[in-house]
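Protein chains in written order, with the working numbering: chain A, 2 to 157; chain B, 2 to 157.
Source of the hints: derived by calculation from the structure; they are not laboratory data. No residue lacks a Cβ here, since even glycine has one placed at the ideal position from N, Cα and C. Hints are not guaranteed to be accurate.
Sample of chain A residues with no beta-carbon within 12 Å of chain B, all distances over it, derived [stated by the list, open to error]:
{"hint": "1", "residue": "Lys7"}
{"hint": "2", "residue": "Pro14"}
{"hint": "3", "residue": "Val33"}
{"hint": "4", "residue": "Lys58"}
{"hint": "5", "residue": "Arg88"}
{"hint": "6", "residue": "Thr90"}
{"hint": "7", "residue": "Ile96"}
{"hint": "8", "residue": "Asp122"}
{"hint": "9", "residue": "Asn124"}
{"hint": "10", "residue": "Lys149"}
{"hint": "11", "residue": "Ile156"}
{"hint": "12", "residue": "Arg157"}
Covered by chain B, per the in silico footprint, the following chain A stretches (three or more residues, Cβ under 8 Å) [said to hold, decoys possible]:
{"hint": "13", "region": "62-73"}
{"hint": "14", "region": "126-139"}
There are 2 protein chains.
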Amino acid sequence: MIKIRKGKKSDLPEILELIKELADYEHALNQVSVNLKQLEVDGFGKNPAYYFVIAEKDDDIVGMAFYWIRYSTWKGKMLFLEDFIIRKTHRRLGIGTALFNRLMDVCKKENFNGMCWQVLDWNTSAINFYKKHNAEINGKWLNGKLSKNQILSFIR
Amino acid sequence: MIKIRKGKKSDLPEILELIKELADYEHALNQVSVNLKQLEVDGFGKNPAYYFVIAEKDDDIVGMAFYWIRYSTWKGKMLFLEDFIIRKTHRRLGIGTALFNRLMDVCKKENFNGMCWQVLDWNTSAINFYKKHNAEINGKWLNGKLSKNQILSFIR
């Protein structure tokens, strides 16, 4: 019923829709500046900058896990799970688990030295999901960021 | 006196030493499983998984910034600063600022859509450094992690 498979270039329009849907839900649609062309070039050129796996039901994408390769100075290559979305209409059906299992398979196949991600501190259901998989959840780190505009306008 | 330049393969032995020195200081030397061969293959093959810039004084490496490319589903490619080390003996000389400026130059040149990193919540001097550069520091996210061993031994 639910098929888990590697993401294809032709999935990207739907993936972008999903990304925007989630951003809208988080009242941050104006933050999304990525576009289809950019996703195509960055993900399906010579050196892909990201990868994704999808959950499909009757040819519809009902979930996706979007990742890239982090490089830890202690561990080397790790899978970094950037985005993990299950459509609201398809939650509690085991799709998250199926996608997460696939990511663990990717780690084994690619010989990655672990897997990491971030989760919002109020997102209890996600945190519980990860803990069920014995994940370590750590609140000691803060995220730092400079936007493109800040970088362009920074005066030395 | 201080020269900032791109990291070379021949810098790696010293870089690994620096990584281990820092890990030892953090009482986590046993966490470092990366080795020289792995760093050489991963950083200087066809698809580099990381990059670094160094600060050099009299042919000695006195600081380094180690980064890779994150892919944000909202912004696209961003520089992720994984490790930022200035030798204890060479702090408060502006080397951090010089390295950080170089990273901003990399962002401009590569047309990255911003720059991000993590900092420990108790590391006030680092946080102040980043704030001086107008960076946003955000404590809403927790880090999740599964080690390689956890992935290999996970029972479904």
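Now for the hints, and whether the structure bears them out:
{"no.": "1", "hint": "Lys7", "result": "16 Å, holds"}
{"no.": "2", "hint": "Pro14", "result": "14 Å, holds"}
{"no.": "3", "hint": "Val33", "result": "5 Å, violated"}
{"no.": "4", "hint": "Lys58", "result": "21 Å, holds"}
{"no.": "5", "hint": "Arg88", "result": "16 Å, holds"}
{"no.": "6", "hint": "Thr90", "result": "20 Å, holds"}
{"no.": "7", "hint": "Ile96", "result": "15 Å, holds"}
{"no.": "8", "hint": "Asp122", "result": "5 Å, violated"}
{"no.": "9", "hint": "Asn124", "result": "9 Å, violated"}
{"no.": "10", "hint": "Lys149", "result": "5 Å, violated"}
{"no.": "11", "hint": "Ile156", "result": "10 Å, violated"}
{"no.": "12", "hint": "Arg157", "result": "6 Å, violated"}
{"no.": "13", "hint": "62-73", "result": "holds (count 6)"}
{"no.": "14", "hint": "126-139", "result": "holds (count 8)"}
Consistency with the previously given hints fails for numbers 3, 8, 9, 10, 11 and 12, ordered from lowest to highest.
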